[in-house]
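Spelled out, the chains give:
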Amino acid sequence: MDTRLKIELRTSPHLKQTVTVEQIMRNVVYALLPVCAFAVYAFGISVLALLTVTTLTCVLGEALFCRLSGKPSTVNDWSIVITGLLLGLTLPPGFPLWMAAVAGFVAVGLGKALFGGLGYNVMNPALVGRAFVQAAFPVAITTWTPAFLEGRFTEFIPSTLTFPFMQPPPVDEWIAQAQVDAFSGATPLALQKFEQIITPAGELFTGMTAGSAGETSALIILAGGLYLAARRMMDWRIPVGVLLGAALTSLPFWLMDSVRYPDPLFVLLSGGLMLGAVFMASDMVASPVTPQGVWLYSLFIGALTVIIRLFGGLTEGVMYAILLGNAISPLIATVTQPRVFGARDRGPRT
Amino acid sequence: MGILNLLRRNTFEHGIHPQEHKELTCRLPIRRLPFAPRLIVPLSQHTGAPAVALVRPGQEVVRGEPIASASGFMSVPMHAPATGVVESIQLMPTARGPKTESIVIRVYGGSSQEVLYDAPRRVEEMTADEIIQAVQDSGMVGLGGAAFPTHVKMKPPPEHSVDTLVVNGCECEPYLTCDHRLMLEQTDELLAGIRIVMRALGVGRAMIGVEDNKMDAVEAIAGRLEANGPISVHAVQTKYPQGAEKMLIDSLLGRRVPTGSFPSAVGVSVFNVSTLAQIGALLPKGHGVIERVVTVSGAGVRNPGNYLVPVGTPVRYLLEFAGSTPRSNELILGGPMMGMSVASLDVPVTKAVSGMVVLETSDADLGERKVQPCIRCAYCVEACPMHLNPSTLGLLAAKREYEKMANEFHLNDCFECGCCSYVCPANIPLVQYFRIAKAINREKAA
Numbered sequence: 001m002d003t004r005l006k007i008e009l010r011t012s013p014h015l016k017q018t019v020t021v022e023q024i025m026r027n028v029v030y031a032l033l034p035v036c037a038f039a040v041y042a043f044g045i046s047v048l049a050l051l052t053v054t055t056l057t058c059v060l061g062e063a064l065f066c067r068l069s070g071k072p073s074t075v076n077d078w079s080i081v082i083t084g085l086l087l088g089l090t091l092p093p094g095f096p097l098w099m100a101a102v103a104g105f106v107a108v109g110l111g112k113a114l115f116g117g118l119g120y121n122v123m124n125p126a127l128v129g130r131a132f133v134q135a136a137f138p139v140a141i142t143t144w145t146p147a148f149l150e151g152r153f154t155e156f157i158p159s160t161l162t163f164p165f166m167q168p169p170p171v172d173e174w175i176a177q178a179q180v181d182a183f184s185g186a187t188p189l190a191l192q193k194f195e196q197i198i199t200p201a202g203e204l205f206t207g208m209t210a211g212s213a214g215e216t217s218a219l220i221i222l223a224g225g226l227y228l229a230a231r232r233m234m235d236w237r238i239p240v241g242v243l244l245g246a247a248l249t250s251l252p253f254w255l256m257d258s259v260r261y262p263d264p265l266f267v268l269l270s271g272g273l274m275l276g277a278v279f280m281a282s283d284m285v286a287s288p289v290t291p292q293g294v295w296l297y298s299l300f301i302g303a304l305t306v307i308i309r310l311f312g313g314l315t316e317g318v319m320y321a322i323l324l325g326n327a328i329s330p331l332i333a334t335v336t337q338p339r340v341f342g343a344r345d346r347g348p349r350t
Numbered sequence: 001m002g003i004l005n006l007l008r009r010n011t012f013e014h015g016i017h018p019q020e021h022k023e024l025t026c027r028l029p030i031r032r033l034p035f036a037p038r039l040i041v042p043l044s045q046h047t048g049a050p051a052v053a054l055v056r057p058g059q060e061v062v063r064g065e066p067i068a069s070a071s072g073f074m075s076v077p078m079h080a081p082a083t084g085v086v087e088s089i090q091l092m093p094t095a096r097g098p099k100t101e102s103i104v105i106r107v108y109g110g111s112s113q114e115v116l117y118d119a120p121r122r123v124e125e126m127t128a129d130e131i132i133q134a135v136q137d138s139g140m141v142g143l144g145g146a147a148f149p150t151h152v153k154m155k156p157p158p159e160h161s162v163d164t165l166v167v168n169g170c171e172c173e174p175y176l177t178c179d180h181r182l183m184l185e186q187t188d189e190l191l192a193g194i195r196i197v198m199r200a201l202g203v204g205r206a207m208i209g210v211e212d213n214k215m216d217a218v219e220a221i222a223g224r225l226e227a228n229g230p231i232s233v234h235a236v237q238t239k240y241p242q243g244a245e246k247m248l249i250d251s252l253l254g255r256r257v258p259t260g261s262f263p264s265a266v267g268v269s270v271f272n273v274s275t276l277a278q279i280g281a282l283l284p285k286g287h288g289v290i291e292r293v294v295t296v297s298g299a300g301v302r303n304p305g306n307y308l309v310p311v312g313t314p315v316r317y318l319l320e321f322a323g324s325t326p327r328s329n330e331l332i333l334g335g336p337m338m339g340m341s342v343a344s345l346d347v348p349v350t351k352a353v354s355g356m357v358v359l360e361t362s363d364a365d366l367g368e369r370k371v372q373p374c375i376r377c378a379y380c381v382e383a384c385p386m387h388l389n390p391s392t393l394g395l396l397a398a399k400r401e402y403e404k405m406a407n408e409f410h411l412n413d414c415f416e417c418g419c420c421s422y423v424c425p426a427n428i429p430l431v432q433y434f435r436i437a438k439a440i441n442r443e444k445a446a
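As given, the protein sequences belong to chains A and B, one line each in that order.
Heads up: the first sequence at position 11 corresponds to 11 in the working numbering, and the numbers run straight through without jumps.
Heads up: the second sequence at position 428 corresponds to 428 in the working numbering, and the numbers run straight through without jumps.
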């Protein structure tokens, strides 16, 4: 009998569920892969290059900032890969690669490292990067190219390979040459806003339209969201709340004037709303933790998106809506503390 | 999840589903453990004031004889677990940490397991106060793990009127099956104990709650109950911590104990099945609590089982009897969710030790996983049975804002079930943070 048993002291609980941060993040990456694959399929090698550049700059930026701040490298936790992929997916397919690299670097630096890295970022880092390039390169970020061009797997969109620190060449002429059928380079949101043309829901749902690299197919985005929700690696309330908020806000306007204002289904399926609702508003770190808080947060984002779209100068409002939602989520947290078991009142005791 | 739980009665909201590991021992009948050569009986193995030794070193004691008396209402006496001689009364290590004044008994070789020291009485003729006194005299404490003196719970504060006795047969801790075996093997003693306590409390209703992973126990009990009688048995959902008294009351009756209050505030008294079975067995004979059933289990144990262990048996003796594997590296007294890992094998089994779980290196490999920043996944928020916000509490603890935790975020409602730490993907030792915060707040208040 071994009485010299080597025992260790630990504090309870002595059992642990096996899901780790890395696993959660890796599964989000898995859920994003089909979205990336469809983006490459729809827009060709330019998007492949775009996603590669954003992901690489994010990963390298994370490694660099960890080293600079003297922290152990957090590249292995996969969260930065999500940032890189998401950033690439929110950019126009022909976005110049050097600008994408700037966006990636800003996403990590301003969006994440500045706040202290994973767990401390106030806003979704990918959207911080995108917001930066939206302000810095207003033309490039609103230059859209049609999906499913004939030569997309053999030829880069000319703007993609713009020389660093140079303005991209205009692509209109190139599109006119490359285009063989009726696919339009204008995004459904722009068509609706400026020409009151409603793209059919079926096309929006399957992703037959122009738009940011990864936002076009609602179907594939929803499939990724269902996967994550089923594995409890995403709060299902967030996409549901965002979509609900958007639908409910757009409904009265559409009922008032169905020519000027889009129908709720179009609102849900067009632009980046689906991608934002499923993959970006749901960023765990930047969203509230209590169910009540999550509802408030997600409904706010959905409603704000529609308000920006309908009344703002921009055609799309998802990005700013989510960033604002992120910004107010600490505020939401203070008013939505859970009602403690057996307590009469909700929230903090004062 | 929340909605599903609301639709489905017989459970509470939130909680977790750890792997049960009960199959290791749940079919093994209770076996008697031989006497260890030396038994260590701490004078403080219950909540409240320590007992006062009645014996001196060198004095002979008979199995069942009182060896220490209660030092007030919030205290219980101790009885000799075996016939032998008092070797010393000295400070000895205990599982709880600090050394405690203990009576060390050298057991006579070949001494009998029979309890010779008894005082039979007719419990059915006793008044409520006499029963409560008898329960205190038996040294009874909450055998589910709380070690709260049982007789104190039988006298609820006068401003509360208790209408229901809730009998806790949940045994929601993984690995543990001692209550399960007891419900199967000592059903009559359990029911006798329930009737005695019902009389003492003056309640007309008793509800036995058993997790639905022990349907054989539910059936065994139901088979001995009259239909529509005062005692009923209910299967509740298998979910940790179903056996926490506030959760069980909510599951069975839909009553929520107000924060900071005892169950009597909603008219309920909760007793563990093993406590009641011992009351049923001991009171008529006038015996004291000198042994209890302990589940010995875990991958690190060669012969897992349920053992009837004399109080005071050193853990080392129990472990040698059950055998350990070379890879065993952690020894827990109690269950793995709320139990304490011991630093020394010389600590004794006390009245409230329901299990001894030995884990192997490969079991949990908690040591390997590093602590990462909170990613606000909210798993803990959805796990906390008290509906606290462990995520925010954890962030506050890291900033050492202990008073804010208590004053604004209900820290003191945490009963340290461990659900939050269990689910945390970032491996943050949340419960430990909360224990520290509470301890520091207590120190500041003192």
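Think of the hints as simulated: they come from the structure by calculation, not from any bench.
Remember, it's a predicted structure, so these values are computed and weren't measured experimentally.
Just so you know, even glycine gets a beta-carbon here, dropped at the ideal spot from N, CA and C.
Treat the hints with care, since some could be wrong.
Among chain B residues calculated to face chain A with C-beta under 10 Å, some are [unchecked claim]:
#1 Gln133
#2 Gln136
#3 Met198
#4 Pro258
#5 Cys380
#6 Cys384
#7 His387
#8 Cys417
The following label-pair restraints were derived from C-beta to C-beta distances [said to hold, decoys possible]:
#9 B:Glu403 - A:Ala135: 22 to 28 Å
#10 B:Ser69 - A:Arg339: 43 to 49 Å
#11 B:Ala281 - A:Arg339: 53 to 59 Å
#12 B:Ala398 - A:Phe163: 44 to 50 Å
#13 A:Pro330 - B:Gly260: 27 to 33 Å
#14 B:Val62 - A:Arg339: 51 to 57 Å
#15 B:Val62 - A:Arg344: 35 to 41 Å
#16 A:Ala136 - B:Arg400: 54 to 60 Å
#17 B:Arg400 - A:Leu56: 35 to 41 Å
#18 B:Arg400 - A:Leu161: 26 to 32 Å
#19 B:Met74 - A:Arg339: 31 to 37 Å
Footprint (simulated), chain A over chain B, 3 or more residues, beta carbon under 8 Å [unchecked claim]:
#20 55-66
#21 108-115
#22 232-238
#23 290-299
We went through each hint and held it up to the structure:
Among the interface hints, the one on glutamine 133 of chain B is violated; its C-beta lies about 32 Å from the nearest C-beta in chain A, farther than the 10 Å criterion. Of the supplied interface hints, the one on glutamine 136 of chain B is violated, with its beta-carbon coming no nearer than about 29 Å to a beta-carbon of chain A, more than 10 Å. Proximity of methionine 198 of chain B to chain A is violated relative to the hint, the smallest CB-CB distance being about 25 Å (cut-off 10 Å). Given the 10 Å rule on beta carbons, the hint for proline 258 of chain B holds: about 5 Å separates it from the nearest Cβ of chain A.
Below 10 Å, beta-carbon pairs count as interface contacts, and cysteine 380 of chain B has one with chain A at about 8 Å; its hint therefore holds. A hinted interface residue such as cysteine 384 of chain B counts as satisfied when its beta carbon comes closer than 10 Å to some beta carbon of chain A; here the least separation is about 8 Å, so the hint holds. This hint holds: histidine 387 of chain B has a C-beta 5 Å from the nearest C-beta of chain A, less than the 10 Å allowed. At about 8 Å, the closest approach between the beta carbon of cysteine 417 of chain B and any beta carbon in chain A falls short of 10 Å, and the interface hint on this residue holds.
At about 43 Å, the beta-carbon gap between glutamate 403 of chain B and alanine 135 of chain A misses the expected band of 22 to 28 Å. Taking the beta carbon of each, serine 69 of chain B and arginine 339 of chain A are about 46 Å apart, inside 43 to 49 Å as hinted. Between alanine 281 of chain B and arginine 339 of chain A the beta carbons are some 43 Å apart, a value that contradicts the proposed interval 53 to 59 Å. Roughly 47 Å separates the CB atoms of alanine 398 of chain B and phenylalanine 163 of chain A, a value that falls within the hinted 44 to 50 Å.
For proline 330 of chain A paired with glycine 260 of chain B, a C-beta distance near 28 Å keeps the hint of 27 to 33 Å intact. Separation of valine 62 of chain B from arginine 339 of chain A is about 56 Å and conforms to the stated range, judged on CB atoms against 51 to 57 Å. Range check, valine 62 of chain B to arginine 344 of chain A: about 54 Å between beta-carbon atoms, so the 35 to 41 Å window is missed. Between alanine 136 of chain A and arginine 400 of chain B the CB atoms are about 41 Å apart, so this pair departs from the stated range of 54 to 60 Å.
Distance hint check: the CB atoms of arginine 400 of chain B and leucine 56 of chain A are about 40 Å apart, consistent with the given range 35 to 41 Å. A hinted range of 26 to 32 Å is violated for the C-beta pair arginine 400 of chain B and leucine 161 of chain A, which are about 53 Å apart. The given range of 31 to 37 Å is respected by methionine 74 of chain B and arginine 339 of chain A, whose C-beta atoms sit roughly 33 Å from each other. For the stretch 55-66 of chain B, the assignment as covered by chain A is violated, since 0 residues bring a beta-carbon within under 8 Å of that chain's beta-carbons and 3 are needed.
Against chain A, the stretch 108-115 of chain B contributes 0 residues with a C-beta closer than 8 Å to a partner C-beta. That does not satisfy the three-residue criterion, and the hint is violated. Here's how the stretch 232-238 of chain B fares: 0 of its residues keep a CB closer than 8 Å to some CB of chain A, so the rule of at least three is not met and the hint is violated. Coverage of the stretch 290-299 of chain B by chain A is violated [criterion: at least 3 residues with CB-CB distance below 8 Å; count 0].
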